[in-house]
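Peer 1: Using the sequences and the hints, build the whole thing.
UniProt numbering puts the sequence shown at residues 1 to 106.
It should be emphasised that the hints constitute simulated quantities derived from the structure, not laboratory data.
Virtual Cβ for every residue (Gly too), placed ideally from N, Cα, C.
Some clues are possibly wrong.
Simulated DEER-style distance windows between Cβ atoms [as the list claims (entries may be wrong)]:
hint : residue 1 : residue 2 : range
1    : Gln31     : Asn9      : 26 to 32 Å
2    : Pro29     : Glu104    : 17 to 23 Å
3    : Glu104    : Gln59     : 17 to 23 Å
4    : His92     : Lys57     : 29 to 35 Å
5    : Glu80     : Trp26     : 17 to 23 Å
6    : Gly14     : Ser63     : 19 to 25 Å
7    : Gly14     : Leu60     : 17 to 23 Å
8    : Leu60     : Asn99     : 30 to 36 Å
9    : Met32     : Lys57     : 17 to 23 Å
10   : Lys52     : Lys78     : 18 to 24 Å
11   : Glu104    : Asp56     : 32 to 38 Å
12   : Asp56     : Val88     : 27 to 33 Å
13   : Trp83     : Lys42     : 17 to 23 Å
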Amino acid sequence: MSTQPKTFNELISGDQPVLVDFFATWCGPCQMMQPILQDTAKQVGDKVKIIKVDVDKNQLAASNFQVRGVPTLILFHKGEVLWRQSGVVPAHQLVNVINQNVPETV
1 MSTQPKTFNE
11 LISGDQPVLV
21 DFFATWCGPC
31 QMMQPILQDT
41 AKQVGDKVKI
51 IKVDVDKNQL
61 AASNFQVRGV
71 PTLILFHKGE
81 VLWRQSGVVP
91 AHQLVNVINQ
101 NVPETV
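Peer 2: Written out as structure tokens, the structure is:
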């Protein structure tokens, strides 16, 4: 039985790749990402965990990864940054990024 990760660093350092959406509640493009992320999650299933981090509530995490604008998406695996991009990213592009960066055997 696995226990839930307790910190952001534990989560991004795990064996399962994690796509982090750094967002702000007041950000229009960030709100556009919500259905895109839901669509992406349906397409990639358990291959990657998708989490959202509110930069206003988690300024340290945003600062640690030099998040200057929102939305910023960062794909992590075992603590390593595999990919990052700021701005709205279409679902098909996110799926391609995940498929290119995350091996099937993860």
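Peer 1: A separate judgement is required for each hint: does it hold in the structure or not?
Peer 2: The hints, checked one at a time:
1. Remark: the range hint 26 to 32 Å for Gln31 to Asn9 is upheld by a beta-carbon distance near 27 Å.
2. Restraint check, Pro29 to Glu104: a C-beta distance of roughly 31 Å breaks the suggested window 17 to 23 Å.
3. About 36 Å separates the C-beta atoms of Glu104 and Gln59, a value inconsistent with the hinted range of 17 to 23 Å.
4. Look at His92 against Lys57: about 30 Å separates their beta carbons, and that is inside 29 to 35 Å.
5. With their beta carbons about 31 Å apart, Glu80 and Trp26 fall outside the hinted range of 17 to 23 Å.
6. Separation of Gly14 from Ser63 is about 22 Å and conforms to the stated range, judged on CB atoms against 19 to 25 Å.
7. The beta-carbon spacing between Gly14 and Leu60, approximately 19 Å, falls within the hinted interval of 17 to 23 Å.
8. As the Cβ distance of Leu60 to Asn99 is approximately 31 Å, the hint placing it in 30 to 36 Å holds.
9. Our hint of 17 to 23 Å for Met32 and Lys57 holds, since their Cβ atoms are close to 20 Å apart.
10. Against the hinted window of 18 to 24 Å, the Cβ-Cβ separation of Lys52 and Lys78 comes to about 21 Å, which satisfies the hint.
11. Look at Glu104 against Asp56: about 37 Å separates their beta carbons, and that is inside 32 to 38 Å.
12. For the pair Asp56 and Val88, the beta carbons lie near 19 Å from each other, so the given range of 27 to 33 Å is not met.
13. For Trp83 and Lys42, the Cβ-Cβ distance of about 20 Å falls inside the hinted range of 17 to 23 Å, so the restraint holds.
The earlier numbered hints that this structure contradicts are 2, 3, 5 and 12.
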